[in-house]
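Colleague: Given next are the chains, with one letter for each unit.
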Amino acid sequence: MIKVDQLTKSFGKIKAVNGISFNINKGEIYGLLGPNGAGKSTTINMLSSLFKPDSGTIHLNNTDLFSETNSCKKIIGIVPQEISLYDELSAEENLFFFGKIYGIPTKKLKNKIHDLLEFIGLSGRKKDAIKTYSGGMKRRINIAAALLHEPKILFLDEPTVGVDPQSRNRIFEIVERLKSEGLTIIYTTHYMEEVERLCDRIAIIDEGKIVGQGTLEELKKMIGEKEIVELDFATSDKEKIEELKTILPFEAEITNNKLAIKCDKNKDLKEVLNLVSKLNLSIADIDFVAPNLERVFLHLTGKELRD
Amino acid sequence: MLFTLFKKDMTLFLKDKKAVLLTFILPILLITLFAFAFGGTGKKKSNPRTYTVLVTDLDQSDSSKETIKQLENLKGLTLINKNLQKGKDLVKKGERLALLVFEKGFSEGIKKTHFFKTTLYFDASREIETRMIYSFLMQHLSQNQGKEILKNRVNSFVSNTFSGMPPKMKQNIINTISSENNASPIQIEMQSVMKEKSTKENIGLIQAVVGTAIMMLLFSIANIGGSLLDEKENGTLKRLLYAPFKTTEILFGKMLTALSISIAQLVVMFIFSWLAFGLNIFKDVPALLLMILCTAFAVAGFGIFLVSFVKTRQQLNGFSSLIILTMSAIGGSMIPLFIMPEFMQKMAVVSLNYWGIQGFYDIFWRELSIIEIAPRMLVLLGIGLVMTLISIPLFKKNIISL
Numbered sequence: 001m002i003k004v005d006q007l008t009k010s011f012g013k014i015k016a017v018n019g020i021s022f023n024i025n026k027g028e029i030y031g032l033l034g035p036n037g038a039g040k041s042t043t044i045n046m047l048s049s050l051f052k053p054d055s056g057t058i059h060l061n062n063t064d065l066f067s068e069t070n071s072c073k074k075i076i077g078i079v080p081q082e083i084s085l086y087d088e089l090s091a092e093e094n095l096f097f098f099g100k101i102y103g104i105p106t107k108k109l110k111n112k113i114h115d116l117l118e119f120i121g122l123s124g125r126k127k128d129a130i131k132t133y134s135g136g137m138k139r140r141i142n143i144a145a146a147l148l149h150e151p152k153i154l155f156l157d158e159p160t161v162g163v164d165p166q167s168r169n170r171i172f173e174i175v176e177r178l179k180s181e182g183l184t185i186i187y188t189t190h191y192m193e194e195v196e197r198l199c200d201r202i203a204i205i206d207e208g209k210i211v212g213q214g215t216l217e218e219l220k221k222m223i224g225e226k227e228i229v230e231l232d233f234a235t236s237d238k239e240k241i242e243e244l245k246t247i248l249p250f251e252a253e254i255t256n257n258k259l260a261i262k263c264d265k266n267k268d269l270k271e272v273l274n275l276v277s278k279l280n281l282s283i284a285d286i287d288f289v290a291p292n293l294e295r296v297f298l299h300l301t302g303k304e305l306r307d
Numbered sequence: 308m309l310f311t312l313f314k315k316d317m318t319l320f321l322k323d324k325k326a327v328l329l330t331f332i333l334p335i336l337l338i339t340l341f342a343f344a345f346g347g348t349g350k351k352k353s354n355p356r357t358y359t360v361l362v363t364d365l366d367q368s369d370s371s372k373e374t375i376k377q378l379e380n381l382k383g384l385t386l387i388n389k390n391l392q393k394g395k396d397l398v399k400k401g402e403r404l405a406l407l408v409f410e411k412g413f414s415e416g417i418k419k420t421h422f423f424k425t426t427l428y429f430d431a432s433r434e435i436e437t438r439m440i441y442s443f444l445m446q447h448l449s450q451n452q453g454k455e456i457l458k459n460r461v462n463s464f465v466s467n468t469f470s471g472m473p474p475k476m477k478q479n480i481i482n483t484i485s486s487e488n489n490a491s492p493i494q495i496e497m498q499s500v501m502k503e504k505s506t507k508e509n510i511g512l513i514q515a516v517v518g519t520a521i522m523m524l525l526f527s528i529a530n531i532g533g534s535l536l537d538e539k540e541n542g543t544l545k546r547l548l549y550a551p552f553k554t555t556e557i558l559f560g561k562m563l564t565a566l567s568i569s570i571a572q573l574v575v576m577f578i579f580s581w582l583a584f585g586l587n588i589f590k591d592v593p594a595l596l597l598m599i600l601c602t603a604f605a606v607a608g609f610g611i612f613l614v615s616f617v618k619t620r621q622q623l624n625g626f627s628s629l630i631i632l633t634m635s636a637i638g639g640s641m642i643p644l645f646i647m648p649e650f651m652q653k654m655a656v657v658s659l660n661y662w663g664i665q666g667f668y669d670i671f672w673r674e675l676s677i678i679e680i681a682p683r684m685l686v687l688l689g690i691g692l693v694m695t696l697i698s699i700p701l702f703k704k705n706i707i708s709l
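Quick note, the sequences are listed as chains A and B, same order. The numbering used here applies: residue 1 is where the first sequence begins, and numbers increase by one. The numbering used here applies: residue 308 is where the second sequence begins, and numbers increase by one.
Pulled out of the complex, with its shape left as it was, chain A reads as follows (with noise of 0.2 angstroms):
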């Protein structure tokens, strides 16, 4: 449904986007994970035909985009990280605006605007004006605003930001619903939590690069199944921690002052205490991690998500 391949933007000396590929199939949610400033958005905004790219190509529905860039609009629909409505409208007519600059007739645009309003839950406020709306419902409007003209693709570009925690689970529904009606979606986020629950691919991006792309499991896989043992030192002396890392026989990584091992905590954290024992070095906390993405968003980039 989806093909980008060596996709690349730059914006002056600054490569916001370097050689991405990646496919997506019919159906399927694909999560862009990564830190702010990674490349997303400027992804997004060049699958949905505002930016052009250096070089690379799209084609959306094996379509080309930027040569048949009208045809191609038609199927997707895009809804951007800002809440991109009309303040002084009611929601009833910010749809109404936006569903009629695609053509849709009136009488079918009345009712796809009260079926759209019943599925996210506002059709009781659709009189009020946006500016009367929480964030939460604004970006439940946001999303229907790029529905109305029944897209193939819908991408959803950090739909979440912002919002409580309640709304945030009614947005996680409107997606889970979406896809279930046979919707490609491309989902960016930098909350682990949200690919986790909804994405059936995600690919790990940093620094405008795809670092890692597979599904939850197969990411996984990429630091192994050894569960992690996570050592916080109750010393700041960087030099022993690192000769704590040298000298250990396992994989381990240093963050701040943590030390992350990968090995069996019924079999090997006898051998790793006497190590650290042996440098003096004094254990404030001890914590057992199973590998998760946030695991493997460290090992493909050495850095923490929220870093």
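Be aware that one or more of the hints could be misleading.
Unchecked claim - Taking lysine-lysine and the BS3-like style, the derived pairs with C-alpha atoms no more than 25 angstroms apart in a straight line are:
(1) A/Lys15 with B/Lys704
(2) A/Lys15 with B/Lys703
(3) B/Lys545 with A/Lys74
(4) B/Lys703 with A/Lys100
(5) A/Lys112 with A/Lys131
(6) A/Lys131 with A/Lys26
(7) B/Lys324 with B/Lys704
(8) A/Lys52 with B/Lys618
(9) A/Lys52 with B/Lys324
(10) B/Lys703 with A/Lys13
(11) B/Lys618 with A/Lys15
(12) B/Lys553 with A/Lys152
(13) B/Lys618 with A/Lys13
(14) B/Lys324 with A/Lys100
(15) A/Lys112 with B/Lys545
(16) B/Lys703 with A/Lys74
(17) A/Lys15 with B/Lys545
(18) B/Lys704 with A/Lys13
(19) A/Lys131 with B/Lys545
(20) A/Lys110 with B/Lys545
(21) B/Lys545 with A/Lys52
(22) A/Lys152 with B/Lys545
(23) A/Lys13 with B/Lys553
(24) B/Lys553 with A/Lys108
(25) B/Lys704 with A/Lys3
(26) B/Lys553 with A/Lys74
(27) B/Lys545 with A/Lys100
(28) A/Lys52 with B/Lys704
(29) A/Lys126 with B/Lys703
To be clear, the hints were calculated from the coordinates, so they are not data collected in a lab.
Fit chain B to the given chain A structure using the hints.
Modeller: For chain B alone, coordinates are given in the frame of chain A:
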């Protein structure tokens, strides 16, 4: 603490180069314009104003030619020869201030009837200027031809009444009387080129209505254009760009809004002027409607040009104030053109306000036909078209590049 806050604010202010520009350049520009408009240029003694007057010599006598030659040599007066009809038309259309006509029999009049047969046709909308020219002409003609006429008149009177008077005594009497300027025989008949009823219209009201209407229209259209920048800032423009239509349609959509609101605003302002002040807006309704349409088109084009030229609301506010106030000052919205020096009046043609104001003058004051007003309408349409064409690449460069 106080100094720290002051320093921070000054640093922020100085970093905003456009704010600095507007704080200092806009007032300087306006002071300069008003100073020129009112003819003051500091301590230096200002040069006398130069008037350009059309002249028609129907007499074609040595006397008339000699008088015209003398007038041509006067500092502060430029004469342009035109035939009578063409000259009257130019004055009627407001393109020239006045036409001085040396009537047939001018030469005979000086010799026999001792009457200085001249007419000064003038644009009644510029009466103050015309009076100044009249005084100027009277002053110079009295000093030259006036004495000659008086001499002839006294000579004729003395010769007829006291036929036996010795020549020396007669000459003394003539010289004494003709040296007194308080009984100048010079008479220049003043005649407005407008229809009689027009001169009863309140010229001040027309100036106030059309001058203000166009200036305020420019401000409101700049504001409507600005909503495009608001859309850019709040993200709705992005959503419009996702839709399957050409980006220029967004610009033209905004222009259509600006055009409709401009038309509505002008119509409302004229109706209000009719109801509240009795401005007769029904003199030529088709011409008025066409003029409203052309002015609205020019203003709408100007509005989208402004909005395409800048990148943010703040920039728009600054530039629109600068450009609109400047155009209004030189175009006659703030100060009537006739009190400005001639070079300022010539400069006024670069302002949209000028063409709009003069067009409405043509309808309400000069009572010209649609055909006669058409050139001004075409200029306004041209302004709108050029502004729109320039706006398209600017819009793509400054607004669409998200």
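Colleague: Could you run down the list of hints and mark each one as holding or not?
Modeller: Comparing the hints with the structure gives:
| no. | hint | verdict |
| --- | --- | --- |
| 1 | A/Lys15 with B/Lys704 | 21 angstroms, holds |
| 2 | A/Lys15 with B/Lys703 | 23 angstroms, holds |
| 3 | B/Lys545 with A/Lys74 | 15 angstroms, holds |
| 4 | B/Lys703 with A/Lys100 | 23 angstroms, holds |
| 5 | A/Lys112 with A/Lys131 | 23 angstroms, holds |
| 6 | A/Lys131 with A/Lys26 | 36 angstroms, violated |
| 7 | B/Lys324 with B/Lys704 | 21 angstroms, holds |
| 8 | A/Lys52 with B/Lys618 | 21 angstroms, holds |
| 9 | A/Lys52 with B/Lys324 | 32 angstroms, violated |
| 10 | B/Lys703 with A/Lys13 | 22 angstroms, holds |
| 11 | B/Lys618 with A/Lys15 | 24 angstroms, holds |
| 12 | B/Lys553 with A/Lys152 | 22 angstroms, holds |
| 13 | B/Lys618 with A/Lys13 | 22 angstroms, holds |
| 14 | B/Lys324 with A/Lys100 | 42 angstroms, violated |
| 15 | A/Lys112 with B/Lys545 | 22 angstroms, holds |
| 16 | B/Lys703 with A/Lys74 | 22 angstroms, holds |
| 17 | A/Lys15 with B/Lys545 | 22 angstroms, holds |
| 18 | B/Lys704 with A/Lys13 | 19 angstroms, holds |
| 19 | A/Lys131 with B/Lys545 | 19 angstroms, holds |
| 20 | A/Lys110 with B/Lys545 | 23 angstroms, holds |
| 21 | B/Lys545 with A/Lys52 | 15 angstroms, holds |
| 22 | A/Lys152 with B/Lys545 | 20 angstroms, holds |
| 23 | A/Lys13 with B/Lys553 | 30 angstroms, violated |
| 24 | B/Lys553 with A/Lys108 | 24 angstroms, holds |
| 25 | B/Lys704 with A/Lys3 | 29 angstroms, violated |
| 26 | B/Lys553 with A/Lys74 | 13 angstroms, holds |
| 27 | B/Lys545 with A/Lys100 | 16 angstroms, holds |
| 28 | A/Lys52 with B/Lys704 | 14 angstroms, holds |
| 29 | A/Lys126 with B/Lys703 | 35 angstroms, violated |
In summary, the structure is inconsistent with hints 6, 9, 14, 23, 25 and 29 from the numbered list given earlier, while agreeing with the others.
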